[in-house]
Amino acid sequence: MQDVPRKRGVLHRHPRLRLGLLLSPPMLWLGVAYLTSLAVLLITAFWTTNTFTTEIERVWNLDNFRQLWNIDVYRTITIRTLWIAVLVTVVDALIAFPIAFFMAKVASRRWQRVLLIAVLMPLWASYLVKAYAWRAMFSGTGPLNWALDPIGLHLGYGLTATVITLAYLWLPYMILPMYAGLERVPDSVLEASADLGAKGGTTIRRVVLPILWPALFAGSIFTFSLTLGDYITVKIVGGTNQMIGNAVYDSALTGNNLPFAAALACVPVVIMLVYLAAVRRTGALDNL
Amino acid sequence: MRDGAVSPSIRLTDLAKSFGSVRAVDGVSLEIADGEFFSMLGPSGSGKTTVLRMIAGFEQPTAGSIELAGQSVTDLPPFARDVNTVFQDYALFPHMSVAQNVEYGLRVKKVKKAERRARAAEALETVRLSHLADRRPTQLSGGQRQRVALARALVNRPKVLLLDEPLGALDLKLRREMQIELKQIQRDVGITFVFVTHDQEEALTLSDRIAVFNDGRIEQVATPRELYQNPKSSFVAAFVGTSNMLTGPAARAVFGREGTLSIRPEKIHLGDVPDPGASTVTGTVREVVYLGSANHYVVDVDMPWAGDAPQLVVMRQNFHDSDDQLSRRGEKVRLAWLPEHVIELPGSSESTPIEETA
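Residue numbers (my numbering), protein chains in the order written: chain A, 1 to 288; chain B, 1001 to 1358.
Please keep in mind that the hints were generated in silico from the structure rather than gathered at the bench. Ideal Cβ placement from N, Cα and C applies to all residues, glycine included. Certain hints may be false.
Unchecked claim - Straight-line distance between alpha carbons at most 25 Å, and here's what the computed DSS-like set of lysine-lysine pairs gives:
1) B/Lys-1332 to B/Lys-1267
2) B/Lys-1113 to A/Lys-199
3) A/Lys-130 to A/Lys-199
4) B/Lys-1183 to B/Lys-1159
5) B/Lys-1332 to A/Lys-199
6) B/Lys-1173 to B/Lys-1109
7) B/Lys-1267 to B/Lys-1232
8) B/Lys-1159 to B/Lys-1112
9) A/Lys-199 to B/Lys-1267
10) B/Lys-1159 to B/Lys-1173
11) B/Lys-1113 to B/Lys-1159
12) B/Lys-1110 to B/Lys-1183
13) A/Lys-199 to B/Lys-1110
14) A/Lys-199 to B/Lys-1112
15) A/Lys-235 to A/Lys-105
Unchecked claim - Residues of chain B placed beyond 12 Å of chain A at every Cβ, according to the derived structure:
16) Leu-1030
17) Gly-1057
18) Asp-1164
19) His-1198
20) Asp-1272
21) His-1296
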């Protein structure tokens, strides 16, 4: 009589065991696959490659980081990448806000769904296809230059094209958190602002934007980090320009210098950590 | 007082609003006097909130006009109207402190900082929340948020304060307290209050006058007493308070005449006959509902024919607390009432079950 219910209630009576069973698979994945690979990356960065044998020498040193700091090219590339990431984030924020606002506050339920699908749709298409589509857009005889030609402008492959293409690629990642953030603002809060005498612009400045900051930062984490890590778009539409990702790729494959590539890869990691620490203070991480 | 006539605080003329094919408000005309506590009462979907939102400027009327203090505001946006709203969900700004919330209206109107502070402090004093000025709205209870919303609206000293079911989210005890407080504040500030509610008791408690809404139209505008004692339609009689409404043969059997007739449960005497001129019927107690201070008795009235008997609900105060004083289920009782307490209502198209069975 006693035994049966005892056995059956094991999980019920031991909430810790229940939690353990729930969390052990993802923790294993996170611990082994994710953190270990990051740790290996970090460790490798402190080793060197023998330039003659191209064998990795497992001797602890800071040579890679010293080189990174001392060689101008890498500093230029890092600063360029940072700029591109900032510009992409700003462009995305400026484009995403009106779209998200329209979706969350103006459009009918039906239109909301249509627009949500429209925003998500580019994510279903291959990254490469989209990048090459933009390559065609920017080509000398492409539609963009055909349109710009009458006003005497020409937009070829280069950094501007890279920013535009990346901004296009990551736009959904900015719209979605903003849309979610605006959805959580009741219409009555906007009405209250108008009711208390604020015009549209004042309401956006004093009420909507302050409430939306966390969502904006959440979106910027995506646009910023995705840009920092990208190396394909710049190859396709960036002309001869390089970003950190290209340098990592070249060191690892062309240069066959994995430790230096690892050290280079630490740069965006550090930038992101600094950015996240700054963003954390705004409470944006509660919104992810 | 020029011309000897004062413009009403609010004048609505043939106001209508359609959402697609739905006529939410269907020709509402109304005058609300200055300093009046005016309630718009009705079931959900009756158009009362839409009328309020049109006065505030959140909805554009499909037809008709809105005047505030004699001036047409029909086409003005909300920020240009001298009215303020207390929202059902309070609509406090989550990123601002209580004091900043209250100051907001003055701030966007560019009132100087010192005056802003002083007036906000005064408004918070009115709603007894001065000690919570630095809190965030999320750190407040429902009743406190309600008061902040009230202070935020009152600080602008509007001509009219609109309240959209402001007490709906509060529990009963707090709601009763807030009702009394609201009435007091309204008397103190002397501003016209337009109060939307679906709670008839709340409307009766608070209002100088009540407009009963049904299906986008006003059924009756009257003082609470008038509304309760002389409902002008069967809808009003049924919606405001509890009514024993009978029509057709049932009405003739019980009240002695045809028509739609109604009597309030507390006007019916159980057992005793108050006056030699009183009407009486006999019946059987079907159900006794204990309400604490009173009991409701559902009585099947004895009829000369077989079939479903009309029912009367009788309310009786529990003067005595011993159970044996109460009539029990199945017991034969005598019901009596004074003829003047029977309310005659205009015949309605709504058919009652009794009509069908008779």
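So, going through the hints one by one against the coordinates:
1. Note on B/Lys-1332 and B/Lys-1267: the hinted pairing holds, with a Cα-Cα distance of about 19 Å set against a maximum of 25 Å.
2. For the given pair, B/Lys-1113 sits about 20 Å from A/Lys-199 by alpha-carbon distance, which is consistent with the 25 Å threshold.
3. The hinted pair formed by A/Lys-130 and A/Lys-199 fails the criterion: a straight-line CA distance of about 40 Å is larger than 25 Å.
4. The straight-line distance between the Cα atoms of B/Lys-1183 and B/Lys-1159 is roughly 17 Å, inside the 25 Å bound, and the hint therefore holds.
5. For the hint linking B/Lys-1332 to A/Lys-199, the alpha-carbon distance of about 69 Å lies beyond 25 Å, and the restraint is violated.
6. Restraint check for B/Lys-1173 and B/Lys-1109: not satisfied, since their Cα atoms lie roughly 37 Å apart, outside the 25 Å limit.
7. The hinted pair formed by B/Lys-1267 and B/Lys-1232 meets the criterion: a straight-line CA distance of about 18 Å does not exceed 25 Å.
8. With a C-alpha separation of about 21 Å, the suggested pairing of B/Lys-1159 with B/Lys-1112 holds against the 25 Å cut-off.
9. The suggested pairing of A/Lys-199 with B/Lys-1267 is violated, with an alpha-carbon distance near 55 Å, which exceeds 25 Å.
10. Distance check on the hinted pair: B/Lys-1159 and B/Lys-1173 sit about 30 Å apart at the alpha-carbon level, beyond 25 Å; violated.
11. Proposed proximity of B/Lys-1113 and B/Lys-1159 is supported: the alpha carbons are some 23 Å apart, at most 25 Å.
12. For the suggested pair B/Lys-1110 and B/Lys-1183, the alpha carbons sit about 31 Å apart, so the restraint of at most 25 Å is broken.
13. Using a Cα cut-off of 25 Å, the hinted pair A/Lys-199 and B/Lys-1110 holds, with the two alpha carbons roughly 13 Å apart.
14. Between the alpha carbons of A/Lys-199 and B/Lys-1112 the distance comes to roughly 19 Å, so the proposed pair stays at or under 25 Å and holds.
15. At roughly 39 Å between alpha-carbon atoms, A/Lys-235 and A/Lys-105 are farther apart than 25 Å, so this suggested pair is violated.
16. At roughly 21 Å, the least C-beta separation between B/Leu-1030 and chain A is larger than 12 Å, which holds for a residue marked as non-interface.
17. A cut-off of 12 Å between C-beta atoms contradicts the statement that B/Gly-1057 is not in contact with chain A; the least separation is 8 Å.
18. Chain A draws B/Asp-1164 into its interface by the beta-carbon criterion, the shortest separation being 9 Å against a cut-off of 12 Å.
19. Under the 12 Å C-beta cut-off, the non-interface status given to B/His-1198 relative to chain A holds; the minimum distance is some 18 Å.
20. Look at B/Asp-1272: its CB is around 53 Å from the nearest CB on chain A, clear of 12 Å, so calling it non-interface holds up.
21. Every C-beta of chain A lies more than 12 Å from that of B/His-1296, the closest at about 38 Å, which supports listing it as non-interface.
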